[in-house]
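Q: Knowing the structure of chain A, use the given hints to seat chain B on it.
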Amino acid sequence: MLDEAWILSPSVALRPEPFGALAYHFGNRKLTFLKRPELVAVVRALGEQPDVRSALIAAGVPDAQHAAYADALAGLARTDMIRPRSEGVAA
Amino acid sequence: MTIAPERPITGTLVEQFELGLDAPICLTWELTYACNLECAHCLSSSGRRDPRELSTEQCEAVIDELQRMQVFYVNIGGGEPTIRPDFWHLLQYAVDHQVGVKFSTNGVRLTPERAQFLTSPACAGYVDVQISLDGATAEVNDYVRGPGSYDMALTALANLQDAGFEDAKISVVCTRQNIGQLDEFKALADRFGATLRLTRLRPSGRGADVWDELHPLPEQQRELYDWLMAHGEGVLTGDSFFHLAAFGEPLPGLNLCGAGRVVCLIDPIGDVYACPFAIHDNFLAGNLLADGGFQSVWQTSELFQDLRSPQTGGACAKCTFYDTCRGGCMAAKFFTGLPLDGPDPECVQGYGETALTQLSLAGDRMIPAASQDHSKANPTRNQPVMLTLGRRPELLTVPTSPPVSACAENPLAGFTPTSS
Numbered sequence: 001m002l003d004e005a006w007i008l009s010p011s012v013a014l015r016p017e018p019f020g021a022l023a024y025h026f027g028n029r030k031l032t033f034l035k036r037p038e039l040v041a042v043v044r045a046l047g048e049q050p051d052v053r054s055a056l057i058a059a060g061v062p063d064a065q066h067a068a069y070a071d072a073l074a075g076l077a078r079t080d081m082i083r084p085r086s087e088g089v090a091a
Numbered sequence: 092m093t094i095a096p097e098r099p100i101t102g103t104l105v106e107q108f109e110l111g112l113d114a115p116i117c118l119t120w121e122l123t124y125a126c127n128l129e130c131a132h133c134l135s136s137s138g139r140r141d142p143r144e145l146s147t148e149q150c151e152a153v154i155d156e157l158q159r160m161q162v163f164y165v166n167i168g169g170g171e172p173t174i175r176p177d178f179w180h181l182l183q184y185a186v187d188h189q190v191g192v193k194f195s196t197n198g199v200r201l202t203p204e205r206a207q208f209l210t211s212p213a214c215a216g217y218v219d220v221q222i223s224l225d226g227a228t229a230e231v232n233d234y235v236r237g238p239g240s241y242d243m244a245l246t247a248l249a250n251l252q253d254a255g256f257e258d259a260k261i262s263v264v265c266t267r268q269n270i271g272q273l274d275e276f277k278a279l280a281d282r283f284g285a286t287l288r289l290t291r292l293r294p295s296g297r298g299a300d301v302w303d304e305l306h307p308l309p310e311q312q313r314e315l316y317d318w319l320m321a322h323g324e325g326v327l328t329g330d331s332f333f334h335l336a337a338f339g340e341p342l343p344g345l346n347l348c349g350a351g352r353v354v355c356l357i358d359p360i361g362d363v364y365a366c367p368f369a370i371h372d373n374f375l376a377g378n379l380l381a382d383g384g385f386q387s388v389w390q391t392s393e394l395f396q397d398l399r400s401p402q403t404g405g406a407c408a409k410c411t412f413y414d415t416c417r418g419g420c421m422a423a424k425f426f427t428g429l430p431l432d433g434p435d436p437e438c439v440q441g442y443g444e445t446a447l448t449q450l451s452l453a454g455d456r457m458i459p460a461a462s463q464d465h466s467k468a469n470p471t472r473n474q475p476v477m478l479t480l481g482r483r484p485e486l487l488t489v490p491t492s493p494p495v496s497a498c499a500e501n502p503l504a505g506f507t508p509t510s511s
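For the record, the sequence lines run as chains A and B. Residue 79 in the numbering used here is what sits at position 79 of the first sequence, and the numbering runs on without skipping anything. Take any residue in the second sequence, note its place counting from 1, add 91, and you have its number in the numbering used here.
To be clear, the hints were calculated from the coordinates, so they are not data collected in a lab. All values derive from a computational prediction rather than experimental measurement. Think of the CB as a built atom: it goes at the ideal place given N, C-alpha and C, for glycine as much as any other residue. The reader is advised that the hints may include incorrect statements.
Mimicking EDC-like on lysine to aspartate or glutamate, the simulated pairs with C-alpha atoms at most 16 Å apart in a straight line are [to be verified]:
(1) 35(A) <-> 106(B)
(2) 277(B) <-> 324(B)
(3) 260(B) <-> 281(B)
(4) 35(A) <-> 113(B)
(5) 35(A) <-> 71(A)
(6) 35(A) <-> 109(B)
(7) 260(B) <-> 324(B)
(8) 30(A) <-> 80(A)
(9) 193(B) <-> 109(B)
Derived Cβ-Cβ restraints for the label pairs, each shown as a range [what the hints assert, rightly or not]:
(10) 4(A) <-> 463(B): 53 to 59 Å
(11) 65(A) <-> 449(B): 50 to 56 Å
(12) 79(A) <-> 274(B): 29 to 35 Å
(13) 180(B) <-> 79(A): 57 to 63 Å
(14) 340(B) <-> 54(A): 39 to 45 Å
(15) 79(A) <-> 325(B): 14 to 20 Å
(16) 414(B) <-> 1(A): 32 to 38 Å
(17) 274(B) <-> 70(A): 40 to 46 Å
(18) 64(A) <-> 449(B): 53 to 59 Å
(19) 409(B) <-> 60(A): 39 to 45 Å
(20) 1(A) <-> 459(B): 52 to 58 Å
(21) 152(B) <-> 68(A): 43 to 49 Å
(22) 68(A) <-> 458(B): 48 to 54 Å
(23) 70(A) <-> 148(B): 47 to 53 Å
Only chain A is shown next, with the shape it has when bound in the complex (with noise of 0.2 Å):
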């Protein structure tokens, strides 16, 4: 996953919490929590960085954390939080 293309859904709005944020997906009707205003800042930068690798350099998360940051990503991908970026759509 972490030389993929990925984006944060376009159903999906983030609502900026003390903790981190509320995800709400407008479609499926799912409300997540992110627990970690860093996996906030690596959500938002998905879809501006070539790959979540970039995304999680560009929000400072050190690179032994990156395994487990992949893992919480995936979580997010399981209901279509954040969804893989076709080339070329780069928002």
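A: Frame of chain A, contents of chain B only:
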């Protein structure tokens, strides 16, 4: 000089929720106190419309504000919300402003045409419908909700199903009389392609009058807990049974009291209360017309600040189960006359019952008087008549002599003085 302690950014989600959020997750908005029914256990003592009810324009302004605050959906109730003439307009207005709607109704206005509207692209799949039903049979349901209310609810469910509306909810308040019908409720939901939603009977509003008669008995609490553990995934509970977590394993969902932290209630006149079960002056945070809008009330009211500050477990803190039940439901304690830092009246470890008995014996059990009541002043044909035929309980009234006439029962009948 004192500096406000900085909010920790780590900790579990529950710990974070206890400190409050910038906007509620689960907001209930009662659009009207008017109702065609007069359910015996109505949380909001509904019946008559309040003349100060928010106008259509004021409701639209509330929706605009919810959109700005990113409150993604709102639970609309009442009273019976659909008898507001502008209900369908407000529903559409909310959906068009990215505020999803889940509304509770007794079904009175859910005609085939309305069911079709709810299924149509106009609602964008962004509307949930909850039909209230408190018995799986007419006999059990109509006893508390009034004659004809069972048929009305089933007609509404059939209309939704015929229109192709997917996944309606059947919303049940669990009582002493219907706990034995859980499987029947599930079958009913399956029959209509609906999802079952079970919630807790609260001693709020008119519920205070019937709580002693209707709240589930201790062994029924266990029955409910076991049933939820077995069927939990397919059944919604609105996280309302977190006091049952002290039986052992917590039930799915957030096991905490969200009042003023992630939950609140806007009432028909714009008063903001800590939770839908706490319509009482003690839990009134402010009014969105008088106090600068909903956001201002949510974020700055003194009451909500207080509810978000660390709570002491009081008498419960030393209980081994405190971490699972967190002391139970604030409203249930308040309206049964228990202290807010004490046990829940339905504490499954039995501490609530003990506390209630102790208070009663000491003559200290004070049930708080209602702050407001929109019940109809005179009985109507829809009013439930909670009477059953039975024998006179043998404990009561053993008169020492027959009454002198049919209407002259001895006022001291059954009173046995004790010597001291």
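Q: Now tell me if each hint is right for this structure.
A: Taking the hints in turn, this is what the structure says about them:
{"no.": "1", "hint": "35(A) <-> 106(B)", "in the structure": "12 Å, holds"}
{"no.": "2", "hint": "277(B) <-> 324(B)", "in the structure": "13 Å, holds"}
{"no.": "3", "hint": "260(B) <-> 281(B)", "in the structure": "11 Å, holds"}
{"no.": "4", "hint": "35(A) <-> 113(B)", "in the structure": "15 Å, holds"}
{"no.": "5", "hint": "35(A) <-> 71(A)", "in the structure": "14 Å, holds"}
{"no.": "6", "hint": "35(A) <-> 109(B)", "in the structure": "14 Å, holds"}
{"no.": "7", "hint": "260(B) <-> 324(B)", "in the structure": "15 Å, holds"}
{"no.": "8", "hint": "30(A) <-> 80(A)", "in the structure": "9 Å, holds"}
{"no.": "9", "hint": "193(B) <-> 109(B)", "in the structure": "25 Å, violated"}
{"no.": "10", "hint": "4(A) <-> 463(B): 53 to 59 Å", "in the structure": "58 Å, holds"}
{"no.": "11", "hint": "65(A) <-> 449(B): 50 to 56 Å", "in the structure": "53 Å, holds"}
{"no.": "12", "hint": "79(A) <-> 274(B): 29 to 35 Å", "in the structure": "31 Å, holds"}
{"no.": "13", "hint": "180(B) <-> 79(A): 57 to 63 Å", "in the structure": "33 Å, violated"}
{"no.": "14", "hint": "340(B) <-> 54(A): 39 to 45 Å", "in the structure": "42 Å, holds"}
{"no.": "15", "hint": "79(A) <-> 325(B): 14 to 20 Å", "in the structure": "18 Å, holds"}
{"no.": "16", "hint": "414(B) <-> 1(A): 32 to 38 Å", "in the structure": "36 Å, holds"}
{"no.": "17", "hint": "274(B) <-> 70(A): 40 to 46 Å", "in the structure": "44 Å, holds"}
{"no.": "18", "hint": "64(A) <-> 449(B): 53 to 59 Å", "in the structure": "56 Å, holds"}
{"no.": "19", "hint": "409(B) <-> 60(A): 39 to 45 Å", "in the structure": "43 Å, holds"}
{"no.": "20", "hint": "1(A) <-> 459(B): 52 to 58 Å", "in the structure": "56 Å, holds"}
{"no.": "21", "hint": "152(B) <-> 68(A): 43 to 49 Å", "in the structure": "44 Å, holds"}
{"no.": "22", "hint": "68(A) <-> 458(B): 48 to 54 Å", "in the structure": "52 Å, holds"}
{"no.": "23", "hint": "70(A) <-> 148(B): 47 to 53 Å", "in the structure": "49 Å, holds"}
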